[in-house]
Amino acid sequence: MPAFKAHAMQPSTLLDEQARQDFVGALRAHLSGRLMPGAYKVYESRVEPAFRARLGRAPIDQDEIRKPMMQDSFYQFWSAMQRRSQELLWESVIDPTERELPELLKRSKRLRAKKVGRSSKGRRRGTLRLNPALEIPRYHRAADIHLQPGGYHTDFTTDDVCAGVIYDKGINLYMGGALGPENNLMGDTLLAYLREKHPERQPKRILDIGCAIGNSTVVWARAFPQARVHGIDVGAPVLRYAHARAVALGVAIDFSQQNAEATDFADGSLDLIVSHIVLHETSKSALPRILGECRRLLAPGGLMLHLEIPRGRTVIEKFMHNWESYNNNETFARYMTGIDLQAEAMKGGFLAADVLVDEFIPKLDVAQMNYTEHFFWKILAAHR
Amino acid sequence: MPKPKKQSTRSAPAVAEAARRRASSPAPALVRLARVAKGKKPQYFSDPAIDKLLWMTLTLMEELSVTRDRLDTVERLLAAKQVLRRAEVEGWQPDAKAAAERVAARGRYVDRMMRAMHAELEEIAGRGMPKSEEEVVAAVES
Numbered sequence: 001m002p003a004f005k006a007h008a009m010q011p012s013t014l015l016d017e018q019a020r021q022d023f024v025g026a027l028r029a030h031l032s033g034r035l036m037p038g039a040y041k042v043y044e045s046r047v048e049p050a051f052r053a054r055l056g057r058a059p060i061d062q063d064e065i066r067k068p069m070m071q072d073s074f075y076q077f078w079s080a081m082q083r084r085s086q087e088l089l090w091e092s093v094i095d096p097t098e099r100e101l102p103e104l105l106k107r108s109k110r111l112r113a114k115k116v117g118r119s120s121k122g123r124r125r126g127t128l129r130l131n132p133a134l135e136i137p138r139y140h141r142a143a144d145i146h147l148q149p150g151g152y153h154t155d156f157t158t159d160d161v162c163a164g165v166i167y168d169k170g171i172n173l174y175m176g177g178a179l180g181p182e183n184n185l186m187g188d189t190l191l192a193y194l195r196e197k198h199p200e201r202q203p204k205r206i207l208d209i210g211c212a213i214g215n216s217t218v219v220w221a222r223a224f225p226q227a228r229v230h231g232i233d234v235g236a237p238v239l240r241y242a243h244a245r246a247v248a249l250g251v252a253i254d255f256s257q258q259n260a261e262a263t264d265f266a267d268g269s270l271d272l273i274v275s276h277i278v279l280h281e282t283s284k285s286a287l288p289r290i291l292g293e294c295r296r297l298l299a300p301g302g303l304m305l306h307l308e309i310p311r312g313r314t315v316i317e318k319f320m321h322n323w324e325s326y327n328n329n330e331t332f333a334r335y336m337t338g339i340d341l342q343a344e345a346m347k348g349g350f351l352a353a354d355v356l357v358d359e360f361i362p363k364l365d366v367a368q369m370n371y372t373e374h375f376f377w378k379i380l381a382a383h384r
Numbered sequence: 385m386p387k388p389k390k391q392s393t394r395s396a397p398a399v400a401e402a403a404r405r406r407a408s409s410p411a412p413a414l415v416r417l418a419r420v421a422k423g424k425k426p427q428y429f430s431d432p433a434i435d436k437l438l439w440m441t442l443t444l445m446e447e448l449s450v451t452r453d454r455l456d457t458v459e460r461l462l463a464a465k466q467v468l469r470r471a472e473v474e475g476w477q478p479d480a481k482a483a484a485e486r487v488a489a490r491g492r493y494v495d496r497m498m499r500a501m502h503a504e505l506e507e508i509a510g511r512g513m514p515k516s517e518e519e520v521v522a523a524v525e526s
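Top to bottom, those sequences are chains A and B. According to my numbering, the stretch in the first sequence is residues 1 to 384, in order. According to my numbering, the stretch in the second sequence is residues 385 to 526, in order.
It is worth saying that the hints were derived from the structure and are not from the lab. Take these hints with a grain of salt, some might be off.
Unchecked claim - Straight-line Cα separation of at most 30 Å, DSSO-like style, residue types lysine-lysine; simulated pairs: (1) A:LYS284 to B:LYS424; (2) B:LYS515 to B:LYS424; (3) A:LYS284 to B:LYS425; (4) A:LYS41 to B:LYS424; (5) B:LYS436 to A:LYS41; (6) B:LYS515 to A:LYS318; (7) A:LYS67 to B:LYS436; (8) A:LYS41 to A:LYS318; (9) B:LYS425 to A:LYS67; (10) A:LYS318 to B:LYS425; (11) B:LYS424 to A:LYS67; (12) B:LYS436 to A:LYS318.
Unchecked claim - Covered stretches of chain A, as calculated for chain B (at least 3 residues, CB under 8 Å): (13) 18-29; (14) 91-101.
Even glycine gets a Cβ: it sits at the ideal position worked out from N, Cα and C.
Based on the provided sequences and hints, a complete structural model is requested.
Take a look at the structure:
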């Protein structure tokens, strides 16, 4: 597994802090890799048979098995431990962040001061535009997504970057390093899709929506160095971090604090709009509005690509995927399970013939493929 | 007991001691970050006490793992430098100062272990916590 790339915006770790993160990695690998398959086994061997015995038929949807699964002793214990491992994950990252915060804030300030003009190599530098008046959408305020305390939008201090610092290292730990040294797997995946399905495209104006720390945005900016690349998110602290991180990595991206449901970009001003596992963190009303906004922003012939996680095919697969909904504050994931993404895109104004809901397995390097062996991505693609 | 004289210039061992003290009791952080996520924490077992016990057990597992890592680090360094043998470790008794430092460190350890209880209090007094996860899911689906 490639090591997480240390950059200026990450705190150092003391011996015990590192040991806590290492333990969380070991615990999560065991819970997800060794014990989670057990939850499927108890379903097949005792929950489903008991359901059949009681009702004389197989369960028809995930909601029907929620209660019996929650009463199963193995599932209860696994589920409670999985939840605790997620909390421990954040705690293990929050501790060093809090300890080194004064230094991190200084570094952020120094890096972000470089925002104007050109670097010594003559390259354009990125910018950051914040909007303190922006209303944080309900789907962010209702509960902290993935249990990250404070979510992506809470400022704990002036010019805060904590949410970004914590998110960057947190998602690295969450995926056991499988996202790559710069948490680049999802950007790489969607880029590989574009290269394979639309090799002729050379977008000049790119927008990454729900970009958070810009880990995927950086992938697009590097792939198309001649393009003007924008990243938007509702969270100020993740954007400040994204900006400082992009400067530290030497990549020019224009970040702005905006809600993807209604942005201030001009009609038809973009060639390519991308998002990376963002749609399932929104809401029933926001989703078609976001897709409609994408349509407004795309130039004629422009393309949008949204990377999503498939949510299982069988009743138990769907139920297990939606563990995240009820136990890890992925509150909209459950609704996304049954959604027709083509219909959602059409609500946003796209023509049926211009929309494709695709499945994709990229040819990535061996270490990453090992983690994603039985995994494929879902992609919503549409053009104007 | 006579008070120890204040040193005008600090000896090398005193400087090392100060550094050690800083390392064993870090200065309080200026900004406190949240440790509890907003959202209703699910109850996994029929008795919420079991949830707390499991919470503590996993934290305990973590801290034991951390301690073993540190001990392993120290023992390997000591052996590599041929500083001491295991028998010396077994026979060691703390002096008053070392004992006091251990009391403080243990206090911080217990604080960490008791976060399950504090989390419940924080949830009661918390930042507009929703009553159930269903409520949160329903809110975004509406």
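Are there hints from earlier that the structure breaks, and if so, what are their numbers? Result: no hint breaks.
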